[in-house]
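Q: So the sequence lines, in the order shown, correspond to chains A and B. The first sequence: position 34 = 34 (full-length UniProt numbering), numbered continuously. The second sequence: position 317 = 317 (full-length UniProt numbering), numbered continuously.
Some hints could be false.
Below are the BS3-like pairs computed for lysine-lysine, each with C-alpha atoms no more than 27 Å apart in a straight line [to be verified]: (1) B:LYS88 / B:LYS313; (2) A:LYS217 / A:LYS206; (3) A:LYS313 / A:LYS4; (4) A:LYS88 / A:LYS59; (5) A:LYS59 / B:LYS107; (6) A:LYS59 / A:LYS313; (7) B:LYS104 / A:LYS107; (8) B:LYS104 / A:LYS88; (9) A:LYS107 / B:LYS88; (10) A:LYS88 / B:LYS222; (11) A:LYS126 / B:LYS88; (12) A:LYS88 / B:LYS107; (13) B:LYS222 / B:LYS107; (14) B:LYS222 / A:LYS222; (15) B:LYS107 / A:LYS107; (16) B:LYS6 / B:LYS313; (17) B:LYS4 / B:LYS59; (18) B:LYS4 / B:LYS313; (19) B:LYS88 / A:LYS222; (20) A:LYS104 / B:LYS88; (21) A:LYS88 / B:LYS126; (22) B:LYS59 / A:LYS59; (23) A:LYS4 / A:LYS59.
I should point out that these hints are in silico values taken from the structure, not numbers from a laboratory.
Here is what each chain is made of, one letter per residue.
Number of protein chains: 2
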Amino acid sequence: MTVKIKDVARRAGVSVTSVSRVLNGEKYVSEDILNRVNQAIEELNYSPSYIARSLKKQKTNTIGVIVPDLTSNFYSTILSSIEETASKYGYNLIVCNIAENLSKELKYLHIFQEMRVEGIIIMHEKTNEEIVNFIRNATMPILFSSVQSPDADFISVLIDDYQAAYDATEYLIRSGHTAISYLGGDLEDVTSGQNRYNGFRDALSKHHITIPEEYVKFGDYKLPSGHRLMGELLALAQPPTVVFAASDDMAVGALNCVLDQGFRVPEDVSIMGFDGSTITDIVRPSITSMQQPIYEMGQVSLENLHRLIIRDKHRPQADIMLQHQLVERESCKTMHPSNSR
Amino acid sequence: MTVKIKDVARRAGVSVTSVSRVLNGEKYVSEDILNRVNQAIEELNYSPSYIARSLKKQKTNTIGVIVPDLTSNFYSTILSSIEETASKYGYNLIVCNIAENLSKELKYLHIFQEMRVEGIIIMHEKTNEEIVNFIRNATMPILFSSVQSPDADFISVLIDDYQAAYDATEYLIRSGHTAISYLGGDLEDVTSGQNRYNGFRDALSKHHITIPEEYVKFGDYKLPSGHRLMGELLALAQPPTVVFAASDDMAVGALNCVLDQGFRVPEDVSIMGFDGSTITDIVRPSITSMQQPIYEMGQVSLENLHRLIIRDKHRPQADIMLQHQLVERESCKTMHPSNSR
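The following block holds chain A by itself, in its conformation from the complex (with noise of 0.2 Å):
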């Protein structure tokens, strides 16, 4: 016997009309009315693929994403995931290119607000008050990818970026380095920024390593920062004998500058990255990188984003943290053999 919508108003005690509009993820429904809803919805095990039909008429079925760089491996790689998952449910996607501008940020919400899309996926950590203010007040859910959201009231899906950078300082202790380089990312950034350094720092002063203050830089993420700090690190008396970037894209850069110099890596200096973007695979000698599970990222991004949309019972509460991964390739030599600990 197949479970009808009326079914539901009766076992919920309320009218068909509120639960049609709890299916149809409208925001001003009360919080009693919504719970009674979704737990009739339970117990009587109302089919969810009829949900989604019933949801389906009226709704745009567009989810908006922002994105700072489109040039970054990176972010390219995590769009086609959200972009094959997004397929998969029946969302189209519309990507707007912020170029780190946070006012183009702010418009492209706008617009995204104006087309009624069902969702929206960020992907950019700076922010002003003007765009907290939108995402406090704006009428569809919005989730943050790959970055901590402003505002506890918002789902992030990220790694823990202070344990993986820790783990990956540990990683290159162990492997019998001392002289460590750091070539960092924005430090207004809280994650990739903030949070990378902190657990640098932190695995060194566990390990009781210091090092000289100009082993430690600042870029921004991309490629030629990489490739120009590398070259104050080679000019140095004491080179280092690892460089820890950042970023996979400022790696490369670092890379480049070594070999174009006529350096040998891992040989002369080693060389870690941070992503797992897939350029750490394409150069030579590939790149040892701290590897975020972009794919992954990309697809439970999506899948939670429509959670929220339809208010899914299994909706998530709190920030989604996927699982950092040291992915071992060419680019770093272990020093001694590795008994150091």
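On the provided structure of chain A, position chain B as indicated by the hints.
A: Relative to the frame of chain A, chain B by itself:
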């Protein structure tokens, strides 16, 4: 003395409403009125900045872009350039990645129409009857970028792919190569498939060079196909001395295959790419490539779409061909002193 709209109307012998309709870029203005108004604007030197301002009010200021594959370095570079130019003109850019899927393309074109975008840039060549019907009946200008439009009524901004491949092949011949291999794209694509392949073939014929059939192989423009096909070439009893790939990504795949098997580029085998994407400069050795002016292509595409949108008197009447250029990097060697003719 400032020229006013009524001066334009008087000079053109039409009503102020007609001038205003022309200025607003409305579709159903007769060719006769359009010409008279545009001529009057020219003769009176009516301020284009005023036109721009008066246009602004009723417009969405949004442009839609159809991209076949966001993970390709070529498309992400051209998109950055379109984005940058769009910003200068005050347009918002909405990007849709169709992942080479024609039914997605059609769906996104309909979404663009519902959104009332002011113009569309399509960077995908394969098409079908429904898409051609859509673009013929579209209410906004559509411009093709980097590919040939399916219909002479639509403007394309592109290079002469045939001539570019011809010139690249002649360069290899002049460098003393006769054992030349070609890694092609999809022959269903006119621009990047057929035209490049025909340019290659004709340059060989002109120089009376014949190559074994197995020196010509076809992939999908992406890196893994270049790697795989290069493996097949290296397994031949007599491998080629140079490989000309129809995309830089395939060239990088071929490069990595050679390096991974312990051979050297260009000492053991030379490699030439096509497109001039940033990846040619990132890998080591860097890749000699027949370069499309990617950045200029994005800029010129957006500028001319803008001219079509505002029905500017200098709007394009025919395809715009940009200049290709061979950029010599490290991956091609000369077989003997260059005195072949």
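Q: Each of the hints needs a verdict: does it hold here or not?
A: Quick rundown of the hints versus the structure:
1. B:LYS88 / B:LYS313: Status holds; Cα separation ~20 Å.
2. A:LYS217 / A:LYS206: holds, 21 Å
3. A:LYS313 / A:LYS4: Roughly 18 Å separates the two Cα atoms, so the pair holds.
4. A:LYS88 / A:LYS59: holds, 16 Å
5. A:LYS59 / B:LYS107: Measuring from Cα to Cα gives roughly 15 Å; hence the hint holds.
6. A:LYS59 / A:LYS313: holds, 20 Å
7. B:LYS104 / A:LYS107: Holds. LYS104 of chain B to LYS107 of chain A sits at ~26 Å (cutoff 27 Å).
8. B:LYS104 / A:LYS88: Roughly 12 Å between the alpha carbons, so the hint for LYS104 of chain B and LYS88 of chain A holds.
9. A:LYS107 / B:LYS88: Given pair LYS107 of chain A, LYS88 of chain B holds - Cα atoms ~15 Å apart, limit 27 Å.
10. A:LYS88 / B:LYS222: holds, 24 Å
11. A:LYS126 / B:LYS88: holds, 23 Å
12. A:LYS88 / B:LYS107: holds, 15 Å
13. B:LYS222 / B:LYS107: holds, 25 Å
14. B:LYS222 / A:LYS222: holds, 23 Å
15. B:LYS107 / A:LYS107: holds, 24 Å
16. B:LYS6 / B:LYS313: holds, 19 Å
17. B:LYS4 / B:LYS59: Status holds; Cα separation ~21 Å.
18. B:LYS4 / B:LYS313: holds, 18 Å
19. B:LYS88 / A:LYS222: holds, 24 Å
20. A:LYS104 / B:LYS88: holds, 12 Å
21. A:LYS88 / B:LYS126: The hint holds at about 23 Å.
22. B:LYS59 / A:LYS59: holds, 25 Å
23. A:LYS4 / A:LYS59: Between LYS4 of chain A and LYS59 of chain A the Cα gap is close to 21 Å, so the pair holds against 27 Å.
The earlier numbered hints are all upheld by this structure, with none contradicted.
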